[in-house]
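First to last, the sequence lines map onto chains A and B. Residue numbers for the first sequence follow our numbering, so the first one is 1 and each next one is one higher. Residue numbers for the second sequence follow our numbering, so the first one is 116 and each next one is one higher.
The reader is advised that the hints may include incorrect statements.
Computed, partial: chain B to chain A, Cβ under 7 angstroms [stated by the list, open to error]:
no.: 1; residue: Y140
no.: 2; residue: R158
no.: 3; residue: Q159
no.: 4; residue: M160
no.: 5; residue: I164
no.: 6; residue: Y169
no.: 7; residue: K170
no.: 8; residue: Q171
no.: 9; residue: F183
no.: 10; residue: G219
no.: 11; residue: T225
no.: 12; residue: P228
Rather than coming from a laboratory, the hints here were simulated on the basis of the structure. Glycine included, every Cβ here is placed at the ideal spot set by N, Cα and C.
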Amino acid sequence: DVKVTQSSRYLVKRTGEKVFLECVQDMDHENMFWYRQDPGLGLRLIYFSYDVKMKEKGDIPEGYSVSREKKERFSLILESASTNQTSMYLCASSRPGQGYPGELFFGEGSRLTVL
Amino acid sequence: AQTVTQSQPEMSVQEAETVTLSCTYDTSESDYYLFWYKQPPSRQMILVIRQEAYKQQNATENRFSVNFQKAAKSFSLKISDSQLGDAAMYFCAYRSLGNQFYFGTGTSLTVIP
């Protein structure tokens with residue numbers, strides 16, 4: 001079975017702490033994504049990456065950074081966590097779609113609470 | 116940018132009945148892909164069904180089928196013979212040729228025994 005694994009299902013952090021959310025996929029996918037999910041807002045794209053060491057800003061990159069040093073791993077970093085970053089974070093990967101649907105495969109999500 | 120609209124925040128259906136979830140999208144592209152994802156209470160998002168825009172025929176996966184109307188930019192999901200395990204949040208998604216994904220705000224489906 002293909003798999004996207006997020007390192008932590010639940011995290012509780014304090015305001016100002018640095019937070020790392022890790023995501024690993026075993027499908028050799030080029031594309032990886034970080035989304036934030038909030039009730040009534042759906043999924044909003046934070047950052048995505050098309051290749052190792054490549055990153056592109058999504059719709060809500062403020063307060064976040066990412067790292068992709070290896071193809072299978074894509075990390076989301078909150079440099080200084082704030083309470084408005086309390087949310088569910090979803091990692092996903094996909095193969096680039098060239099005449100192919102290229103659907104997303106998701107991890108189980110990381111529920112972050114910032115106190 | 117493309118937008119995806121799900122106008123039904125919540126829906127309910129009796130077990131064994133049929134329910135249709137609505138989705139509309141806005142795009143200027145002629146070629147793209149559409150998806151329905153399901154997110155059960157355990158939270159992992161899984162693919163339910165996909166549709167290529169260039170295909171006229173509506174996609175079907177067992178009890179799940181879509182009504183794709185390209186001119187109207189509509190992509191509804193029909194669930195037949197609803198089961199308790201169908202209870203979940205359902206998201207409609209659009210993928211552009213540039214590999215960008217756009218999601219609706221979701222529809223929470225309750226299945227009543």
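Hint by hint, here is what the structure shows:
Annotation: Y140 of chain B was flagged as interfacial toward chain A, and the flag is violated, the nearest CB pair being 13 angstroms apart, outside 7 angstroms. The interface hint given for R158 of chain B is met, as the beta carbon of that residue sits about 5 angstroms from the closest beta carbon of chain A, less than 7 angstroms. Hint status for Q159 of chain B: holds, given a least beta-carbon distance of 5 angstroms to chain A, under 7 angstroms. At about 4 angstroms, the closest approach between the beta carbon of M160 of chain B and any beta carbon in chain A falls short of 7 angstroms, and the interface hint on this residue holds.
Contact between I164 of chain B and chain A, as hinted, is not supported at the beta carbon level, the nearest pair being about 10 angstroms apart and thus beyond 7 angstroms. Taken as an interface hint, Y169 of chain B does not check out: its beta carbon lies about 10 angstroms from the nearest beta carbon of chain A, beyond 7 angstroms. Taken as an interface hint, K170 of chain B does not check out: its beta carbon lies about 11 angstroms from the nearest beta carbon of chain A, beyond 7 angstroms. Here the hint on Q171 of chain B is broken, as its CB sits about 16 angstroms from the closest CB of chain A, past 7 angstroms.
Residue-level restraint check for F183 of chain B is violated (minimum Cβ-Cβ distance to chain A is 14 angstroms; threshold 7 angstroms). Interface hint status for G219 of chain B: upheld, as the beta-carbon distance to the closest one in chain A is roughly 6 angstroms, under 7 angstroms. Of the supplied interface hints, the one on T225 of chain B is violated, with its beta-carbon coming no nearer than about 16 angstroms to a beta-carbon of chain A, more than 7 angstroms. Proximity of P228 of chain B to chain A is violated relative to the hint, the smallest CB-CB distance being about 25 angstroms (cut-off 7 angstroms).
Comparing the model with each earlier hint shows violations of hints 1, 5, 6, 7, 8, 9, 11 and 12; every other hint is respected.
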